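Protein chains in written order, with my numbering: chain A, 80 to 427; chain B, 80 to 427; chain C, 80 to 427; chain D, 80 to 427.
Wrong hints could be hidden among the right ones.
[As the list claims (entries may be wrong)] One-sided excerpt, in silico: chain D residues whose CB lies under 10 Å from chain B:
#: 1; residue: Val166
#: 2; residue: Phe175
#: 3; residue: Leu181
#: 4; residue: Leu390
Hint data in this document are derived by calculation from the structure and do not stem from the laboratory. Nothing here was measured: the structure is a model prediction, and the numbers come from that model. For every residue, glycine included, the Cβ atom is placed at its ideal position computed from N, Cα and C.
There are 4 protein chains.
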Amino acid sequence: MNFASDNVYGVDPRILAAMVAANEGTARSYSYDNLTEAARARLAQVFEHQVAVHLVTTGTAANGLALSAATPPYGAVICHAEAHIAVDECNAPELFTGGAKLIGIHGRGGKITPAEVEGVLKGFIRGEHDPKPACLSITNASEAGTVYRPAEVKALADLVHAHGMKLHMDGARFANALASLGCSPAELTWQAGVDIMSFGGTKNGGMMLEAVVIFDATLAREFNYRQMRGGQLVSKSRFLAAQMLAYLENDLWLDNARTANGLAQRLAQGLARVKGVRIGHAVEANEVFAVLPRAAHEAWQKAGAVYYDWLPDGLEQKPGPDEVFARFVLSHATPEDAVHRFLALTKK
Amino acid sequence: MNFASDNVYGVDPRILAAMVAANEGTARSYSYDNLTEAARARLAQVFEHQVAVHLVTTGTAANGLALSAATPPYGAVICHAEAHIAVDECNAPELFTGGAKLIGIHGRGGKITPAEVEGVLKGFIRGEHDPKPACLSITNASEAGTVYRPAEVKALADLVHAHGMKLHMDGARFANALASLGCSPAELTWQAGVDIMSFGGTKNGGMMLEAVVIFDATLAREFNYRQMRGGQLVSKSRFLAAQMLAYLENDLWLDNARTANGLAQRLAQGLARVKGVRIGHAVEANEVFAVLPRAAHEAWQKAGAVYYDWLPDGLEQKPGPDEVFARFVLSHATPEDAVHRFLALTKK
Amino acid sequence: MNFASDNVYGVDPRILAAMVAANEGTARSYSYDNLTEAARARLAQVFEHQVAVHLVTTGTAANGLALSAATPPYGAVICHAEAHIAVDECNAPELFTGGAKLIGIHGRGGKITPAEVEGVLKGFIRGEHDPKPACLSITNASEAGTVYRPAEVKALADLVHAHGMKLHMDGARFANALASLGCSPAELTWQAGVDIMSFGGTKNGGMMLEAVVIFDATLAREFNYRQMRGGQLVSKSRFLAAQMLAYLENDLWLDNARTANGLAQRLAQGLARVKGVRIGHAVEANEVFAVLPRAAHEAWQKAGAVYYDWLPDGLEQKPGPDEVFARFVLSHATPEDAVHRFLALTKK
Amino acid sequence: MNFASDNVYGVDPRILAAMVAANEGTARSYSYDNLTEAARARLAQVFEHQVAVHLVTTGTAANGLALSAATPPYGAVICHAEAHIAVDECNAPELFTGGAKLIGIHGRGGKITPAEVEGVLKGFIRGEHDPKPACLSITNASEAGTVYRPAEVKALADLVHAHGMKLHMDGARFANALASLGCSPAELTWQAGVDIMSFGGTKNGGMMLEAVVIFDATLAREFNYRQMRGGQLVSKSRFLAAQMLAYLENDLWLDNARTANGLAQRLAQGLARVKGVRIGHAVEANEVFAVLPRAAHEAWQKAGAVYYDWLPDGLEQKPGPDEVFARFVLSHATPEDAVHRFLALTKK
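Looking at chain A on its own, in the form it has when it is part of the complex (with noise of 0.2 Å):
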């Protein structure tokens, strides 16, 4: 019964399969590889799209060069209160970006709307006393476990581009957005407005499968560069494409995130029927927060649930003295068996 964390189990088959696979024989190395070519290519199929896609090993260092090539140094990069590059990356944006500032919306719901981002930019009244807005950050699906709508994606992107800025989309979790919404990778991308974003396979069966994906050519430019100097120009490159192949083939991707947001439904309409429990935030991907009563939140822990207990940021009606604020996280790999054991708990 582990919803801890989407990290904490390994990776799927397939793409271990792949990974296998693609040690045979030599390969360039630094990114030059047929395989690297190969899914490059493909992610520029999947988006219907040109794209400049860098491979790179972590969630954070993505967004980090992403954030890099869409603000200066001297700019301000908007976003959620909560997004992880707000509060789970240790001033890696920061670091990358040569110390840009991030400023948090306090949204409902893990997301923002545009008058929440209209309301930040009549703040910055003083000139270069202030940083340059230069960049807004959204995070879909979000870390609230909530989902963008292209057309919510839209409305921020005309907003953000009418002020000279660019759009950047944390996707860790991004199949399981589109899984969500059904709607096309590009629908949810570029067509809406999106310049730039992490596209994040890791939580969803890779490895170390992150890659930054650019559809605005002037964001692309020179990002080789920014790469190796962020230290993630990996030498034997063919490994971290082979994981991307394998994840987009026959939707893999898609087939994992629907199942995760399956389960998620499922836990969340159970818990849903439990006495005292609340549901925190709509459950839209392969999230579920939920308030807790405190004694059957400690029983079920107990009993071997393990989840995170959770800060109430961005949540309407708070936890009481004797609630917890719960995050279980949903894997395309947890078993269905423990999601029904912990809900059979939830029933005593």
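Following the hints, complete the assembly by docking chains B, C and D onto the known chain A.
Frame of chain A; chains B, C and D shown alone:
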């Protein structure tokens, strides 16, 4: 006949098998898993010393992070002018250290001597107008395929410690140095005064097999923050740890290095017999540098031999207009047959 | 009737005279001159403590350099959300610290309380995924024209020291705080636990009269390198030192601050009597914040009163649609007559 | 007999008088005042070109800020190995550029030639493993007291522009170069291909008289943010502007430079006649480098002559064991009598 780099070959099957085996079940993420703990313990055994170990994904990141602990941003890192950190990492050391300055010494055979370091230190006469000399970084085996003996390391360590500086060793080919010298890991590192090292295994059979190994506990302080901020804290860390454990098991690392070194010897001996060829640096590890007659060189490349032209820095007798300076890298995975075929070619 | 800023006025004639006098003869450059030595000694006397003193040219640089000693690049600096370092220095703190993160508290009246700091610290639950809490920065007198008492500073200092953090004081209007409280410089700084401060005099009669004053000797280590690297080691340093000496002589600094504070009191009392005006924050230094009826505001500006609209952050009762939030800054150099004329205007 | 530096002398009385005069009344702060506007207009006239002008407080900051616009953080700045930016600014260029790398050329007489630059550029064969060559920085007058002619500048500019690079001129002693050559400011800068320069007057009579002057409008973009973020946007900016205006008025800057250059000629000619003395570099500005017999040197210093030993880099015939390499700097403010007395001394 691919001698371009030790990175063109794949992963040692035993290491790959260990990665596959590590895929079972759930594991804590971000380096709190059991395998990472085991890898740390194993390295402490191997080095016969308490060490802090941080598993990362590239040698460039290992170097950058290690140096960030060994120099303040207003510091200077003395290194060989042809060190990997100086010429192959696109300002990554500057990024990770926050802007420290590398000062290169054009030492013979890819190595630097205490006298040369002293000469550089004598130039620091401007107080705070100069950066503060903070760290000496040496590469062992060096980028020129030569090796520092423990006594040579110790002489450098004693000198820099007397100046309040730290000693970093870039061990991207550390196993090759050990195999060449036949000494213990401890003798070549902390017993010789090394404070912090980049321990690399990617070139010697790993996939992404790199670690920062810290002997001086003061440099280990808060290093976990450095790693996270550098985008180098891998979520599914067990797959890095599995590589390290397999690499160290049954002396796989030393065996592989011995094989590669042996092939280099064979290649060098064969080449040395070719008319017009001059071996460039002492062949002490798995690299062979040689001045080749241009006509022969072109014939060999046409016949399928793959290796790089190289800049003849640090070479005493520079190549003439009809000559080429070339680098051959041998790996444990280089087919013996490739060496034979190449040498046969050179005899024509 | 210029109340726009304390920076619109020139230099106190006594300070200017001292600069002119300092022009005699030769002097060693880069802070090794006799005047700089004297200024350092004088500050040690003034603070009744051994201090390291670095004279710099802007308050932004003083803050950035001070913070660079008080936080590692992977650290967090807690401050008021409206602190000068947070909203008026265009990422300079991020530049000088190498990318540390500022975390803002929306405290009332421009001040922050131990409970608020504790609340923020409780959010640091992610280990190295969070930055490391390294420093608390408070501004005294605050950006809202309020003042921290020594006991308030001490309570904050005790809290952050217990967490291994440092306390920085931005003293851009330090003299105004002292004059307001009537306590000694020592009582308001190191005796209350301040580790390092930005000591500003530019707003209070100087030309470029800023210094980093360090009480905690561990933070002073190698600070000269930080200063040089920051582009803040002035060659003809005697002209900075002359300002500081004149500023401290015969309590000029405190006299000027008293004058400015007194004018602020007079302006506030007059404004408070105007129908529809609400004083925004407690007036404890040389700034007056007030909500004004828009019509009156427009009339006054038309009549020649100069002051800025301000963002009503941290204000409890926000301005309505027919109101304006305004900041008035008083200086020792503000003509008394300007205050009289403005108050006369408000009576119409 | 103080020849230690052009910084040991104070401020030209006309410049000081202008600063005193600027103290009247109120002025807008942070470079929006009328004097700053006037100084900008004046520089445009002087250069016969549209220029962006940013007044800063130190030459180090001017260089760092200028370079930050001319190179990305993953870029390389080629310069003389003894350039001020390389050896006298304690990693400030690295700080302001976000970690760009300086690559030094050991050119003769403090200057570098197109052939030398081409040689360095030929070393950039590693693609993104190297930094990207972004900028060439030359100092005019050079740190060795020599001067680049317009045609020499143009040859360098043409070369680097052909490689997509920018040309920066460190003009800490720009007036001395102009006075030496008798050409116009335009001829020596933008007409010769300079894109951005550090325009220094502190060494030639100013107090803090430094500016970034930008000829290439693309480099001027958002420079105000760079300035603020660098801690270099002075609040009472009128006092920097007043210096600049007085400096340029009635050719004060050129007159002062001519005086200093003349004194250097006299000193050099006198020294050259002393037995055992060898003049080190061509004396074309206000500095004299000479190899001195150690015994004479010691006698002169004992008699009160003040000047620095210097590292004999770039000197063809190195000093022997009984010799000393020395630098003498002459200023417009150096009393003629000091030169006479010193030369009298050398005749003994």
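Hint-by-hint comparison with the structure:
{"no.": "1", "hint": "Val166", "verdict": "holds (7 Å)"}
{"no.": "2", "hint": "Phe175", "verdict": "holds (9 Å)"}
{"no.": "3", "hint": "Leu181", "verdict": "holds (8 Å)"}
{"no.": "4", "hint": "Leu390", "verdict": "holds (6 Å)"}
Violated hints are absent here; each numbered hint is respected by the structure.
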